[in-house]
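In this text, residue positions in the sequence shown follow our numbering: the first is 1, and each later residue adds one.
Honestly, the hints are just simulated from the structure, not real lab data.
Owing to the predicted nature of the structure, the values given are computational and were not obtained by experimental measurement.
Do not rely on the hints blindly, as some may be mistaken.
[As the list claims (entries may be wrong)] Simulated crosslink set (SDA-like; lysine to any residue; CA at most 20 Å straight-line):
| # | residue 1 | residue 2 |
| --- | --- | --- |
| 1 | Lys-208 | Thr-98 |
| 2 | Lys-208 | Leu-296 |
| 3 | Lys-208 | Asn-298 |
| 4 | Lys-157 | Arg-108 |
| 5 | Lys-208 | Glu-180 |
| 6 | Lys-208 | Val-16 |
| 7 | Lys-208 | Gly-230 |
| 8 | Lys-157 | Val-119 |
| 9 | Lys-157 | Gly-134 |
| 10 | Lys-208 | Thr-358 |
| 11 | Lys-208 | Leu-111 |
| 12 | Lys-208 | Gly-300 |
| 13 | Lys-208 | Pro-232 |
| 14 | Lys-157 | Leu-111 |
| 15 | Lys-208 | Arg-13 |
| 16 | Lys-157 | Arg-91 |
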Amino acid sequence: MAGPLSRAALAERMGVNRSTILALTAELAGAGLVREELPAGTTGAGRPSLMVRPSPGFFVLAFDVAVDRLSAARVGLGGPILDRRSAPRSRAGVDLDTVVARLAAMGRDLLDAAPPGTVCAGLGASYCGMVRPGDGTVRYGPQMGWVDQAFGTELAKALGIGLPVAVGNEAHLGALAEHERGAGVGVDDLIYLHGDVGVGGGILVGGKLLGGESGYGCEVGHMLVNPVDGRPCLCGSRGCLEAETGEYALLAAAGRPPGEAGRDAVRAVLTDPSAGAAVAEIGDWLGIGVANLINLFNPGAVIFGGMLRDVYAVAAPQVAARIAQHAVPVSRERASLRLSALADDATLLGAADLGFATLLADPLAA
1 MAGPLSRAAL AERMGVNRST ILALTAELAG AGLVREELPA GTTGAGRPSL
51 MVRPSPGFFV LAFDVAVDRL SAARVGLGGP ILDRRSAPRS RAGVDLDTVV
101 ARLAAMGRDL LDAAPPGTVC AGLGASYCGM VRPGDGTVRY GPQMGWVDQA
151 FGTELAKALG IGLPVAVGNE AHLGALAEHE RGAGVGVDDL IYLHGDVGVG
201 GGILVGGKLL GGESGYGCEV GHMLVNPVDG RPCLCGSRGC LEAETGEYAL
251 LAAAGRPPGE AGRDAVRAVL TDPSAGAAVA EIGDWLGIGV ANLINLFNPG
301 AVIFGGMLRD VYAVAAPQVA ARIAQHAVPV SRERASLRLS ALADDATLLG
351 AADLGFATLL ADPLAA
């Protein structure tokens, strides 16, 4: 998924000889999955190594369900977003039917707009909650009250194109996407923190996602950071990282009226000079949470995505101070703090990678 590479570069990456690469690329080119061409601007004598690039004939449909918005995109091999649609999502409680209907309409529109002769190779979706990996059921989504909602099954049925929908947790997918082509490239031990209304986490250890026994691991938003007088959390506890650093906490700390909500309201606080104390308070709690994670996992990078990308950009001094105070020096010495390079597309591209998984696992069979 690194884009066009020469045969020589592919051989080096895969640890095989050039004749093996020649055979492999010939098979993939014959199936229409890649194409080989001379490098741009080739002149002079000699035989330059052919460039191998993903075919534009295959794509996936990727869907992203956040608390306030729905997104869908047609994504090509290698990660380019070729076309997209989006719509607001109201905070109206359990809304499976509405979400499925809107995403299916966007998906059909994207399919209708796809160039003739191109093929949809898979469907992937990201959801802001705890997802059962096998069938795409949302086991628990506290922000909207989803419990055991058959999201993947219902979306596949509504799209009606004969393909299953692979569903993953938004922060898990964001972590994988940042590792593949974003701020985490080259870092095999990383933590990705995603802020929507709450806070989610994705943790990679040795380049592999830490999923836990049933796939519900890395719920860092419900890590306890303030047990004495913490804010109530929608999970039923108090003082969770999400409760102390999420949207509701920031707006309340800044004295905003209860009716204000959403990314625009958050950005208004972050850019308001009079809200400096509120932002510093949120940064303190975020730094405590990150210090705990650094002590536990000794990451090479901590990446802030979603709403937390905006928060960290303003509250970095408080976060860094808490890490210096609470994280073990030898654990933090190589942990760099980074903004998401993929920004709001991280979870959508993670969903796209999920959609491509079957094709990439066995391209010729697929």
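Hints violated by the structure (numbers, ascending):
1, 6, 7, 11, 13 and 16
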